[in-house]
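S.K.: Quick note, the sequences are listed as chains A and B, same order. By our numbering, the letter at position 96 of the first sequence is numbered 96, and the numbering carries on one by one without gaps. By our numbering, the letter at position 28 of the second sequence is numbered 28, and the numbering carries on one by one without gaps.
Don't take each hint at face value.
These stretches of chain A come out as covered by chain B in the derived footprint (C-beta under 8 Å, 3 or more residues) [to be verified]:
no.: 1; stretch: 43-55
no.: 2; stretch: 98-107
With beta-carbon atoms standing in for the labels, derived distance ranges [to be verified]:
no.: 3; chain 1: A; residue 1: 120; chain 2: B; residue 2: 292; range: 47 to 57 Å
no.: 4; chain 1: A; residue 1: 202; chain 2: B; residue 2: 324; range: 51 to 61 Å
no.: 5; chain 1: A; residue 1: 74; chain 2: B; residue 2: 202; range: 45 to 55 Å
no.: 6; chain 1: B; residue 1: 86; chain 2: A; residue 2: 74; range: 48 to 58 Å
From the derived model, a few chain A residues whose C-beta atoms are all more than 10 Å from chain B [as the list claims (entries may be wrong)]:
no.: 7; residue: 37
no.: 8; residue: 65
no.: 9; residue: 110
no.: 10; residue: 155
no.: 11; residue: 181
For the record, the hints were derived by calculation from the structure and aren't laboratory data. Keep in mind that this is a model prediction, so the values were computed, not measured. Even glycine gets a Cβ: it sits at the ideal position worked out from N, Cα and C.
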Amino acid sequence: MLPSSSPARTPETIHPALWLASQLARGDGRGVSSGFEALDAELPGRGWPTGGLIELLLPQDGVGELRLLRPLLAQPQHARAGASTGRIALLQAPYAVNAPGWAAMGVPATRLLQLQADTPADACWAAEQVLRADSCQALLMWQARLRKGDHDLLRRLHVAAQASQTLFFMLRPLSCAREASPAPLRLTLRPAPGGLEIGFLKRRGPLREQALFLPLTPSPNLQRHVSPVDRRTPATAPAGSIPSELAG
Amino acid sequence: MVFERERVAALSAVARTCGVHEGMRRGGVQLLAPEAQLQERDLAREHATLEQTALALLQYTPQVSLAPQACVLLEVSASLRLFGGIRALCRKVRVSIARLGLSATLACAVTATGAWMLARYGDVRTIRERSLRRRLDRLPVALLSAAEAHLEWLYGLGCRQLGQLRALPRAGLQRRCGKTLLDMLERAYGEAPEVHDWVVAPPVFQARVELPDRIEQTDILSAYAQALLTQLAGWLTARQLAIKQLRLWLEHERGRQAVAPTELRIALAAPAWQEDHLYSLVREKLARSTLPAPAIALGLAAEELEGMQPASEMLFPEPGGSAEDHQRLLELLVARLGADKVRQAAPRADHRPELANRWCSVMQSATRLPAPLPTDAARLPPRPLWLLEPPVPLRLVQHKPFYRTPLEFTSPPERIEAGWWEGRPSTRDYFTVRDAQHAYYWIFRQWRGGEWSEEEPQWFLHGLFG
Numbered sequence: 001m002l003p004s005s006s007p008a009r010t011p012e013t014i015h016p017a018l019w020l021a022s023q024l025a026r027g028d029g030r031g032v033s034s035g036f037e038a039l040d041a042e043l044p045g046r047g048w049p050t051g052g053l054i055e056l057l058l059p060q061d062g063v064g065e066l067r068l069l070r071p072l073l074a075q076p077q078h079a080r081a082g083a084s085t086g087r088i089a090l091l092q093a094p095y096a097v098n099a100p101g102w103a104a105m106g107v108p109a110t111r112l113l114q115l116q117a118d119t120p121a122d123a124c125w126a127a128e129q130v131l132r133a134d135s136c137q138a139l140l141m142w143q144a145r146l147r148k149g150d151h152d153l154l155r156r157l158h159v160a161a162q163a164s165q166t167l168f169f170m171l172r173p174l175s176c177a178r179e180a181s182p183a184p185l186r187l188t189l190r191p192a193p194g195g196l197e198i199g200f201l202k203r204r205g206p207l208r209e210q211a212l213f214l215p216l217t218p219s220p221n222l223q224r225h226v227s228p229v230d231r232r233t234p235a236t237a238p239a240g241s242i243p244s245e246l247a248g
Numbered sequence: 001m002v003f004e005r006e007r008v009a010a011l012s013a014v015a016r017t018c019g020v021h022e023g024m025r026r027g028g029v030q031l032l033a034p035e036a037q038l039q040e041r042d043l044a045r046e047h048a049t050l051e052q053t054a055l056a057l058l059q060y061t062p063q064v065s066l067a068p069q070a071c072v073l074l075e076v077s078a079s080l081r082l083f084g085g086i087r088a089l090c091r092k093v094r095v096s097i098a099r100l101g102l103s104a105t106l107a108c109a110v111t112a113t114g115a116w117m118l119a120r121y122g123d124v125r126t127i128r129e130r131s132l133r134r135r136l137d138r139l140p141v142a143l144l145s146a147a148e149a150h151l152e153w154l155y156g157l158g159c160r161q162l163g164q165l166r167a168l169p170r171a172g173l174q175r176r177c178g179k180t181l182l183d184m185l186e187r188a189y190g191e192a193p194e195v196h197d198w199v200v201a202p203p204v205f206q207a208r209v210e211l212p213d214r215i216e217q218t219d220i221l222s223a224y225a226q227a228l229l230t231q232l233a234g235w236l237t238a239r240q241l242a243i244k245q246l247r248l249w250l251e252h253e254r255g256r257q258a259v260a261p262t263e264l265r266i267a268l269a270a271p272a273w274q275e276d277h278l279y280s281l282v283r284e285k286l287a288r289s290t291l292p293a294p295a296i297a298l299g300l301a302a303e304e305l306e307g308m309q310p311a312s313e314m315l316f317p318e319p320g321g322s323a324e325d326h327q328r329l330l331e332l333l334v335a336r337l338g339a340d341k342v343r344q345a346a347p348r349a350d351h352r353p354e355l356a357n358r359w360c361s362v363m364q365s366a367t368r369l370p371a372p373l374p375t376d377a378a379r380l381p382p383r384p385l386w387l388l389e390p391p392v393p394l395r396l397v398q399h400k401p402f403y404r405t406p407l408e409f410t411s412p413p414e415r416i417e418a419g420w421w422e423g424r425p426s427t428r429d430y431f432t433v434r435d436a437q438h439a440y441y442w443i444f445r446q447w448r449g450g451e452w453s454e455e456e457p458q459w460f461l462h463g464l465f466g
């Protein structure tokens, strides 16, 4: 009998897409680090997977979902020259995007692209075009509750994302958690004191019932500013710098 | 079924099964196939179609010439490498011709006259001189247009193929049939030089196509527009130009119920010449527009042009696509969603957050915007990622602002007092607050008429820290 550590017995040596139910999938090596070690350890491929739909389910907008993505968004993926590399497309943003706020978070305004579509079909079309062109670093799409017939759209978007290097996050209300979704990674985000509680609704790996607490402070756009008044110390004139006729 | 001088000149396969054949008279046709559609042959339109084809094919080689019997000759020896070999080139030419709504037989040969005769015989591809000679030898003599006057005499001699014709004594042949026959034969076999009258692209591009019927469906219209765009692509390539704005017009009913033509202008942020890209823009534009009446004709004109600047190829392709790819993406998005829905940030140097946060269409060149003052982001007090426009008024519960749950202050106030130079002074104290669910908000206290006024300040929710 072969020992259990024999290479022939472990499924991951047969094909990279195979893994035991008790293990995390290794992904195809295309994971992009989330910037949080605790979260990376829980994600298959040790990071946000490119080439797939990532669903983030939120109880309401503004719970800290963008602070969670901050390390990812603030760092351009390809360290190339030029300010406009690593563009981030925001599709169907729920509120007006405050460019100075994003700049404070580390995303210069030149990297942002805001898209608004009138109908869900137009929005999905725009998402598909962005994914196909593959010229953006990340695509963030806010999708309200879908109607019954629109679930094909999600599947098509997932297929479009598979051929793309663009990180595709879809932010949906928490009430969608009960609906089926083709996304291979589905996380629920709930605000918690000093950070976020991340629930793993679906991932390529073992079931994790307990939510992961991720501290999000200090966050650059939430730091307490101590001195609202800019106190500048008066410059002291160096001795002997005043002309003698004025001093006299 | 097409008639020329009361005789059938061309006919469909269905008509052929009815027993109709070329050269038949009109009366006989009407007897055999009473429901056939009879058309008079229009030589002017045939010639125009051929010229359009030549224009479209200019995208594959600058040397295109027209030959009799509805042939277009392309000199492709310099284009083979660019388009990836003769097979790939033939495939592309075939696609272009199909986009024009035509069908063609393609033949390749080392001599133009040889290719011209092979194309009229069938789809043949020869790239060696020896195989060309072998194939030419088997072609019927009738394909040689100079031999038409002497066909009966040649058939009487038992000379039916070109090979047999070449075996005849030269001097006698020249005396009986003239020099043109021998010249043409020598040119086909590559024994005499060939002179061509190359097609020159016109200085201004304008193309128009009559539709076969009154058409309302924009997807059918876009198929006709594609034929025009194929010509445009050929013209742009031949003249080494790129287009910045193109105009598409749809002509409607003329005469008593005349409707003014609909004009669509498509402006491109960056000059382009790629046919597929232009087609996707036109298609989206057509799909979004509503027609006042069915269209009977379609026209296309190039309006703003620039010199073509092909992107240099990288030795190692960049991940994340090139800048041109991104530009094309933006144009495509603008064509479907509208210019005001695809926006880039253009922040302004202003202390009031709602004025500092400005967005403009991507079609507006970012260089033309006033440059924002360099603000040190790290020294600014916190700014939210989302702004609510307009701010949402908050009510007070036990002297504390309330939004879904009571809000708890987590920062000292930040005073923003601006706008007095515009006559709209506003004094606001901004706070970062946290609700019971630990979500963070940005709220402000508005002082109406200044801090020392009698009026109670009002609270507003202005932003969310995502």
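S.K.: Each hint needs a verdict: does it hold in this structure or not?
M.R.: Hints, verified against the model:
1. 43-55: Since 0 is below three, the answer is violated.
2. 98-107: Three-residue rule met by the stretch 98-107 of chain A, so holds; n is 8.
3. A:120 x B:292: 47 to 57 Å: violated, 29 Å
4. A:202 x B:324: 51 to 61 Å: violated, 38 Å
5. A:74 x B:202: 45 to 55 Å: For residue 74 of chain A and residue 202 of chain B the Cβ distance comes to about 53 Å; the hint holds.
6. B:86 x A:74: 48 to 58 Å: Once the Cβ atoms are compared, 51 Å apart, the range 48 to 58 Å for residue 74 of chain A and residue 86 of chain B holds.
7. 37: holds, 22 Å
8. 65: Residue 65 of chain A not clear of chain B: closest Cβ-Cβ about 6 Å, inside 10 Å.
9. 110: Its Cβ does come within 10 Å of chain B, the nearest being 7 Å, so this is violated.
10. 155: Per Cβ check, residue 155 of chain A is outside 10 Å of chain B; nearest 21 Å; holds.
11. 181: At about 22 Å from chain B, residue 181 of chain A clears the 10 Å cut-off, so the statement holds.
Checked against the numbered hints listed earlier, the structure breaks hints 1, 3, 4, 8 and 9; every other hint is satisfied.
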